[in-house]
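A.B. asks: One line per chain: the protein sequences are P and Z, in this order.
Numbering of the first sequence is given in the working numbering, commencing with residue 3 and proceeding in unit increments.
Numbering of the second sequence is given in the working numbering, commencing with residue 15 and proceeding in unit increments.
Derived from the structure by calculation, the hints contain no laboratory data.
From a predicted model like this one, the values you see are computed outputs, not experimental measurements.
Careful: at least some of the hints might be erroneous.
[Said to hold, decoys possible] Think about it this way: if two alpha-carbon atoms lie no more than 20 Å apart in a straight line, the pair counts; the simulated EDC-like pairs of lysine to aspartate or glutamate are:
| no. | chain 1 | residue 1 | chain 2 | residue 2 |
| --- | --- | --- | --- | --- |
| 1 | Z | K40 | P | E1061 |
| 2 | Z | K40 | P | E695 |
| 3 | P | K706 | P | E695 |
| 4 | P | K976 | P | E1061 |
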Amino acid sequence: MQAPPSDPALEIKRLQSCMNDLVSVLALPVVWRGREPAEILSTFVDSLMAMLNLDFFYARVTVEGDERPIEALRVGPTCLTSEASDQTAQLIAEWLKEKQFEQPSPARRQIGSREIAFLPMRIGVEGELGFVVIGSHRASFPEQTEQLIMSVASNQAAIGIQQAQRLNEEKRVSQELDERVAQRTAELAAANDVLRKEIAERKEIEERLRESEAFLLDAQHLSHTGSWKHELVSNKVIGTPEIERIYEITAQEDRSSPEFFFNRIHPDDRDRERKVYSLALNEKRDFESDYRIVLPDGSIKHIHNIGRPRLNEEGEVVDFLGTAIDLTEQHKIQADLQKAHAEIKRSEAKLWRVIDTIPIIAWCNLPDGPNEFLNKRWTEYTGMPFEESHGWGWTVAMHPEDLQVLMKKWQAAMITGQPNEVEGRFRRYDGVYRWFLIRTEPFRDESGRIVRWFGTSTDIDERKRAEETLQDEERGLRLIVDTIPGLVCTLKPNWEVEHINQPLRGYFGMTTEELTNWEFIGVVHPDDLDRVVARCRHCTETGEPYDIEHRCRRWDGVFRWFQIRAMPLHDDGNRIVRWYLLLTDIEDRKRAEEAVLASERNLSLIINTMPVIAWSARPDGNVDFFNQRWLDYTGLTQSEAHDWGWATAFHPDDLGRVNDYWRSHILSGEPGEMETRIRKGDGSYRWFLVRGEVLRDESGTIMKWYGTNTDIEDRKRAEEELLRKEEFLAKAQSVSATGSFAWCAETDEITISDEASRIFGFDPDVSVTSAMIASRVHPDDMALLTERRAAARNFSEAQDYEIRLLMPDGSVKYLQSTSDMVREVNGRREYIGAIQDVTQRRHIQEALNKAQTELAHVSRIMSLNALAASIAHEINQPLSGIVTNAGTCLRMLNTNPPSIEGARETVRRTIRDANRASDVITRLRSLFSRKEVSTEPVHINEIAREVLALLLSELQQNRVVLRSEFADGLPRVKADRVQIQQVILNLLRNASDAMSSVDDRPRQLLLKTELDREHVRVSVQDSGGGFDATVADRLFESFYTTKPDGMGIGLSVSRSIIEAHGGRLWATVNDGPGATFAFSIPCEHTRY
Amino acid sequence: MIRTKLLVSLVDDDESVRESLPDLLKELGFAARAFSSAEEFLASNSVTETECLILDIAMPGMRGPELHRELRRRGLTIPIIFITAHRDESVQSRMLEDGAVECLFKPFSDTALLEALNKALSQQ
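Could you put the whole structure together from the sequences, leaning on the hints where they help?
C.D. replies: Here it is in structure tokens:
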């Protein structure tokens, strides 16, 4: 039992807890709604186990309608050992054994290690649902509150389970109902399906029935067959639509009675049909009949009617069933067929008439040979009736000799199935045999099998006889051919060898058979064979006569030339039947011809290869031949050139002249020649010499003109060239005042040109002698002439000298004579030379020299102005010294005591400077004085130094750095001192001027003297702008200058001066800046 | 009046002038030094010592007017008397314009020289 609560607060708390638990328990049904009983029980057990903190809980409930009870067992941790579990199971078994807890009472039992108090309790209003047992090890168990909660909970569980039970029941019932409805529905559906299938099947059957009906109707319609039924009781007739069509029953007509059908039957057939029908009716049997019906439009149809009775059990006829077939079309076909048959028979009869009446024997054999038919002609010819002749009977009418041949051929034809032809003799009724041509043709059916042989036998006796006659004639002919002495052969139309006569065979030494292959056995010369064969072919095809020459080999191998002619023989139909060939030996003629030809060829070769153009013309002047050379040259053809055609090749300028000349000679008959230009094929013209000669007969009549044209172009040209050269020479001599001469040293003979005559003042027509020449020579130069002539004779030297002439008018001519020995013939030496009148040149030279002297002077004067300033400078320098020294001297003397020594020194310097000034003036005088050139041996260094002294101040003023290199021991030169000084001065001043614009480098000037082999050279090198090398030569021309204010005379004059000294002046461009001007003049002892 | 002699320098390439003129200057009471080229003068200490410069115009190498310019460039204002053997009035006037005291044509008299010297020295 439970101890009373000691602490009211605790008690209150406990009670509150109990209340909470009760509320929770009362809420349980809400959780259970819609759950299954087992679930409800399980939830119930779990809730209370936790709520009451139990160690054990077992519940067992039996649900209505379910035989197996629902159980739930929960144990706390203390009861979880296996021992405890066994004990628990045992305990539960005990409880179940007891009468379902009729009176459950608490109990205590040892479970595992603990003692557990158990409290059983029933569930349900009357405990009908089952029971629960709860257990706890607590000593106070079960407390009142626990019991209360437990009982409330149990009630709640009972209510919940019962509600769940009820719900389940409702569900079950509803489900059952559903199932039943579903089953019914399925049954209905199945029944429905069956029904639907049945309907479908029926429909199909109906469809098939309909089809079959339609088919039947179609079939009836196509076969024109209708079905009918005659019901005897009602005496009514029913017909298919085809019946209506056959009988052409309209809709309005009452066709149900048999009488209607009988009335349609043709009146002629109607009664018979009635009888047939009534008989079948009476005898109850089938019937079949044909009759005609008459249709409303009067047309007739043929009907085939079949009927059959149907009997009932009593054996009485109930009705007749039948079919009516419309046979009208068949009837019509039948009628047509019969008509055709009749037609065939008629034509056959006609054919036979034809066959019998044709004028040849016609027949027909069976495929295996025996005769089936012979026409009437046969009987008429042989007198043998058909009965005797058919089969093999006809053979008796055949000539025994021919029968065998015919039979053989006939048998062969039957094997090959080919048409055949044979000739044979048949005996006529009167016993005479005549020739027949028997032709046989097989007749085949569609499968190609021979069904008959048809044949004809034509009487060819006449032709046969003619042929025989011809053959006889031919034999005769061949005999003739063989016996004629000519070489003859005959050929078939295709040029096969037919017959070769004896002489021809003898020639070839071969038989006819061998010669058949003439093309291949070498009887025709190989070189001719192609030509021969081609011609044969041509004649075979065209039938033209054959005429050809070729070589044929004789029996001994020798080839001889033959002319072969062949003529065709035509038959009446103009067909060629044979060729006759005649061979004629033409060897000798051929040889003769060849000889002529060879000689002609030779001649023509000569004419054509001659290096001249050859031609011939008829007496009237028409040219009839030109050789090949003419054709090659002009490019004209023989026919173009003929007659007067050649004229086109002549130069138009010459043509008139040529024509006139040629025509005049034709008239006079005189040979002639002329030169003219003829055009070459390429259009160029060449000169020709045309010559014509005449050929006359005995009576002197002109037969022919023969001519040649010779190419003289080169000669002509040479002539022209010579002429031109002569003219040129004469002109040149005249222009240059040069005459030429030829002089023989031995004979003193002389020939001079026109110009030479003019120079000497001779009449050109007078022949000049050596003495005449000598008479013209200036007396002072006579010795020179004599000396020169002697030298020429003695030393054969070339001569070149100047000589003067004294002319009759007293004038003097200067001649330059140049000559050389050109040939030495027979020990005679001939000189050819030229003499030139140099008088004028002499005069010019002298004038020039004078002018040059003048020019040099002018040049000096020109330099004067420029020099004046530097001369003043040059003199002012010493003057300045003089003045200063003099002044100093005075002052020294005026001092007290006077400086005598100083004064003396200054006076000495004064004198020196005065001398210096005097020297300057002396040099200037010599420079500017004008005097004739006077050469003397001079030292170049001396000359150069003097110039430098003169120019020094000017050079300094121009800031020129002067350097001089004078070579020692130079030989003297023969020169005019002043002129050479002038040249050096000029060069130095030019150099100085050339550097006037140079500011970026020193203005260096080098004056240099040196020995240059036999010459002394002076060079002036500056560092100025130099000059353009291309104008180097022009520098020395007069008035050529590069200076803005220069006259351009200096260098020109300088060069003249140097050249007058036998020297040379030139200019070169330096490697570095500037130019070098240099001259060289020969040393004193050098000859120049 | 006793005092240290004033130094007058002469630059001329002509030897006779170099020989004669210093003697005259000495006679006139000056100390004199002669140089044969402008370069020689520039290399000497006369450049700073000289009171007056007698200068030839035309000389090889550096010419008189160039020396004049060079001295001015160096900031030296030595009075210069040009002398020349080339009588050209245009040259004379150009020299005077350029600041020369005087430009004498050779030959010149001792009085002309003395006047020029006095003029030069009075400028100082």
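A.B. asks: Work down the list of hints and note, for each, if the structure agrees.
C.D. replies: Against the structure, the hints come out as follows:
Straight-line distance between C-alpha atoms of K40(Z) and E1061(P) comes to about 57 Å, which puts the hinted pair past the 20 Å bound. Under the criterion of a C-alpha separation no larger than 20 Å, the hint pairing K40(Z) with E695(P) is inconsistent with the structure, at around 129 Å. A threshold of 20 Å between alpha carbons decides the hint, and for K706(P) with E695(P) the separation of about 9 Å falls inside it, so the pair holds. For the given pair, K976(P) sits about 13 Å from E1061(P) by alpha-carbon distance, which is consistent with the 20 Å threshold.
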